[in-house]
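Chains as they are written, first to last, in the working numbering: chain A, 1 to 367; chain B, 1001 to 1304; chain C, 2001 to 2181; chain D, 3001 to 3196.
Keep in mind that the hints were calculated from the coordinates and are not lab data. Built from N, CA and C at the ideal position, the CB exists for glycine as well. Keep in mind that a hint or two might mislead.
Residues from chain B that keep clear of chain A, each with C-beta distances beyond 12 Å, as calculated [what the hints assert, rightly or not]:
hint : residue
1    : 1012
2    : 1027
3    : 1145
4    : 1161
5    : 1165
Only pairs whose alpha carbons sit at most 27 Å apart, straight line, appear in this in silico DSS-like list of lysine-lysine [as the list claims (entries may be wrong)]:
hint : chain 1 : residue 1 : chain 2 : residue 2
6    : A       : 206       : D       : 3030
7    : A       : 206       : A       : 196
8    : A       : 321       : A       : 285
9    : A       : 239       : D       : 3030
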Amino acid sequence: MREKETTIYLGPQHPGITGNMMVKLKVAGDTIVKAETHVGYLHRAFEKLMEQRTWTQSFPIVCRICVPEPDPNEENLARAIEEIEGREVPERAKYIRVMVLELARLATYGLWMGGQSGSMGLYTMPQWTIGDRDYILDLFEELTGGRVYHMYIWAGGVRRDLPEGFTDRVLKTLDYLENRLPDYDNLLFNNALFQKRAQGVGIIPKDKAIEWGVVGPPLRGSGIKHDVRIDEPYEVYDKLNFIVPTSDGCDVWSRALVRRQEYEQSISIIRQVIEKMPKGDYYNKIPNPLTWQVPPGEAYVKTESARGEFGYYVVSDGSIKPRRVHVRGPAYVHGVSLLEKILVGANIADVSFIMNSLGTCPPEIER
Amino acid sequence: MDINWLKVLGIIITPIIAFIVGVAYGGIVRNITARVQNRFGPPVVQNFWDIIKLYSKKTTVSHGWMHHLAPVFAITASVTTLYFIPVLRDSKLFANLSFSGDLIFLLYIMVFGSLGMALGVGQSGNPNAAIGVSRGLSMMVGYEIPFVLALVAIMIQFHTTSLNDLLAVQDKFTNWIIFQSPIAFIAAILAFLGMMGYAPFDVVIAPAEIASGPPSEFGGKYLGLMQTSRSIFTFAKLVLFTDIFLGGAGDFGTLIVKTFLLYMIPVLTGIVNPRFRTEQAIRFFWKWPTVFGVIAILAVVMKG
Amino acid sequence: MTYDKNSKKIVDIIQNFARKHSLWILAYGTGCGAIEVPPTMTSRYDGERFGLRGAATPRQADVLLITGYLATKTLKRVIRTYEQMQSPKYVIGFGSCTINGGMYWDSYNTIKALDRYLPVDVYINGCMPRPESVISGFIKLQQLISEGKANGAEKYQKNLEWYRENQKKVIHNWKMPDYNW
Amino acid sequence: MHIQDCTENTCVDQIQKIFHTAEVEIQRKKRVKVKLRLDLVPLFLSYARDYLNFKHLAHISCVDWIEENEFELIFMLWSYEASLMIMVKTRVNREKPEFITLSHLWPQAETYEREIHEMYGINFKGNERLGEFILEDWEGVPPMRRDFDTIKYSKENFYQRPGREDAQDVRETISKHSGEEVPDFAKEFSIRRIEE
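Make the full structure from the sequences, and use the hints.
Here it is in structure tokens:
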């Protein structure tokens, strides 16, 4: 006998949904038969707006595409413009950029740990990690003036040099975060209940992961060693020592393990960056931003964000405004087509859990 | 007719005390949780403000009469449960309505509130609430089994189904039932974790999964009634467990200490644990707690 | 028994005091401002000190926090959500884009002034507002409540036609999704 | 044939051997640009996927070249083995934009197609889920086309709160309020408004 199917709308107003989107679920008993995502609740038409703004005015726009981690967006646009224009970036600026990107990664992983455990009812973890994430935001605030949106990475370098004694404060924060890791382990990663819930849930098979276009930690959690930082090194990642952790479980648990190890890797990367950072210029000055014309050309640049590969396709037609900026966020695939596939057969209790493990973030799906 | 005025007075003030203690416990728990979470936490009286606010809200929704009745069912069940539990031992005022078969009666009446809720929620038509209720009923099937087994073991051991008789048995510290039949206590305390609805057994109200479960569609006064009922029921359960296992209490000071310590078991477990899925939770209850319950009965029967 | 004016007043004071100290925020991240709500509620800034708490469903919530710009698609849901909430209810406009469109002033898909569509009690400006300013916005709301001035819901009921007219101007197809609860 | 260690140059040679009409160039390290006729694109993509091992569809994009009355479709493929990206570019007529769906090759192509359909109005034959995706109840020109004027639309449809006009150049406003003198080089910028 078939069980009666009910339709459940998960969102847009729902405490379990990761952002403003909706998943329409057809449920038989506790098992999901069909999932359909509905997005567009956050559409601000950024790509259209960027066609109305000058190149420099586009920077405040792109960082708002991904709220938890805005820096890869600025990095992408800056690198795309530099590639089209052939503008050199000073060595010091490259190191500073890597430092900012990795700090943003740490902050995002803090947020992710909170979201992942909050989605299964462990409310102590978000309180700790989001509280600790604030110390990173403090660093950002000192460096850039903004807690969440930084607009720090510009075409040609970074907006300002590091303040005096900043690197010491970064190291101090890193020490603090590293000392907190055993606490996180005890509460979340070594928690038998978390393992029990995460293992065998939300499986993305290895061959399907390639076919479905999975990126970032979910891809590495399916056993494929792909990281833009290694495969197509940008900035100074080729001069730094770090490993790309992978795990073969293909489930939520292995994705969690990958992220947990990357957290440590990021800390080590920032330490290396601070050690190796040269002195010198931090900004290759651009001409008057209101009349600055970027020569015609196109570029596709990629950055590895905490949730996967961020791709920007930028076209210039030689005017003071971009012709087209097309953003491909990691959640674009994860949040729509992938989610619809792996939710089928899952338990209704695991929807929010799986969404968190994929890093679904609606603002970058619809932009 | 001879009216026992003391009993009437007891009936009036018992729920009030239960409400105040229950709500205060809620506030203290929120504070303890906050301290574990590295923060300051709300004032201890926060839960009173919450409940007053809920009662002062205007309610404009209606989903039919069962929807109105559901919170009333809940509060009736809580208060009735409380009435059949002797709050203080050897006290005329707080002996309430306990009679010789009250343990068995309590087993039934404790379920009543959830069933009433189920009926009311069914009428609201909210799928989240419906799922929440079905989860709640499955969970109940899970934790009732070890709980009943533990109580049966105790009933056989002491040849009584009356709480007052059980209290009489535990006349001194070493005679507490927790020491006389520890295996039954283990089974019962594990069931108690499920009963209190803290993590890892809070699937019923899991916000990230089904909004807030059964109360999804209840706001304002309804939610206020349900919070009141929850506070009273929490207190009732704590007193029940204190009476059965910890030798009851002769005065309010002892009662507060014992119930509070007992309350800390589910609360502290809840702070550091995520929640089980429904089927995982039921599997848990039917594994170890049930085994302990059966062992307790076997031990009693063999001895006896 | 005679009707005593003072007694009603005392009840009012107690009610307002309770309302003021128990503000349940609806868990609805309507825009990017939702990223500053977790820090406000968690260990560093701890909004629970002021009686702020999350509420899972609109029926239980008191405060609708509009965290940023509203796309017209979301506006439709937000109106629906707002009307499901039980009064007294309050709306907080969070971020510059709720006030005058902010940086989305020329976008074709976002509304520019929130108070044309929903009655806003308190605006918090900034993009993003820091958690401190969020908390200060809530304290302002508490002040308004205790003075009895946070009456956006009443305004909405009285001027429903004006609000509806504005809403329908933006939402072309005024057919709400088929909820059956 | 299977290319395990495909570099930019071998890749270009391989493509030119099979697709004679394709314009292939190395844009930079790890980027190969291929310009193709519209009808050859599906063939080329399945060839690249199955024989050149470009398994990962990274991106599908669209650019409106209104001056040439054409849309440009761009497909990005990534090869995990070779760490190489090829960018396949093709042009579609703007009057009757049509292409076929790629969702049988890559399931996630469906999402890209839905978005491009909605934003540019390109019809992907075979994709069953075209239709409302991001926008709701949208009438008129697809918004990402160049001939759609977002400023005009938002002024007509949304209430614009007054008081923004003078805030377009912050510097000017500040100097008006506080009497601060604007330096000469800054005056030149303040003439140019965003709206022009």
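Which of the numbered hints are not met once you compare them with the structure shown? none
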